[in-house]
Amino acid sequence: METIEQRLDRLEREVALQRDEIQIRQLIASYSPKVDTSDRLERSRLLAELWTEDGVYDIGGIARVEGREAIAQVFVGMHFEQVREGVCHVMGLPFIRIDGDTALALNYSVVMRPDGAERFFPWRVSMNRWDLVRQGGKWLIRHRLNRLMTGEEETRAALRDIDAMAASADSFD
55 METIEQRLDR
65 LEREVALQRD
75 EIQIRQLIAS
85 YSPKVDTSDR
95 LERSRLLAEL
105 WTEDGVYDIG
115 GIARVEGREA
125 IAQVFVGMHF
135 EQVREGVCHV
145 MGLPFIRIDG
155 DTALALNYSV
165 VMRPDGAERF
175 FPWRVSMNRW
185 DLVRQGGKWL
195 IRHRLNRLMT
205 GEEETRAALR
215 DIDAMAASAD
225 SFD
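Count along the sequence shown from 1, then add 54; that gives the number in our numbering.
I should point out that these hints are in silico values taken from the structure, not numbers from a laboratory. Some clues are possibly wrong.
Derived EDC-like pairs: lysine to aspartate or glutamate, alpha-carbon spacing no greater than 16 Å straight-line [said to hold, decoys possible]:
1. Lys88 with Glu103
2. Lys192 with Glu75
3. Lys192 with Glu103
4. Lys192 with Asp155
5. Lys192 with Asp74
6. Lys192 with Asp153
7. Lys192 with Glu107
8. Lys88 with Glu135
Just need the whole structure built from these sequences, with the hints factored in.
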């Protein structure tokens, strides 16, 4: 039978893990309003602060950039116009696995674009693999892989990470 100290220790670990998961979900959820308001470089720089200084954003078919400033710059031009037109990034609920100060999250995202008649259509449907790290008590994106759901093997392979993640989903150790 567990002692009170053992039980408290276990509960503290479980609460810490749940707190980390909430912080990671909030980080991923914050991407949408930040990117949907990135209509100028200053806003894109705020968005890029979600990454580590040397973070990588690998956007399939668009760009692979490294470092906060490069991430901010990738949105200059076409994306600024899309924001002014009303683009909307919708994030699916991520599946998260945490290992100390690192974490992996998988989710889907849909980018909606207006059709000009107050309706929206799905423009991009993607999978996302978020490699995260805790720095200074804060979760940041180290590497984000974004791939269109076109059936490519690379995309399916990245999604297969769910197998190992789900196998240990009930463990708080």
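Which earlier hints turn out false for this structure, listed by number in ascending order?
The structure conflicts with no hint, since it agrees with every one listed earlier.
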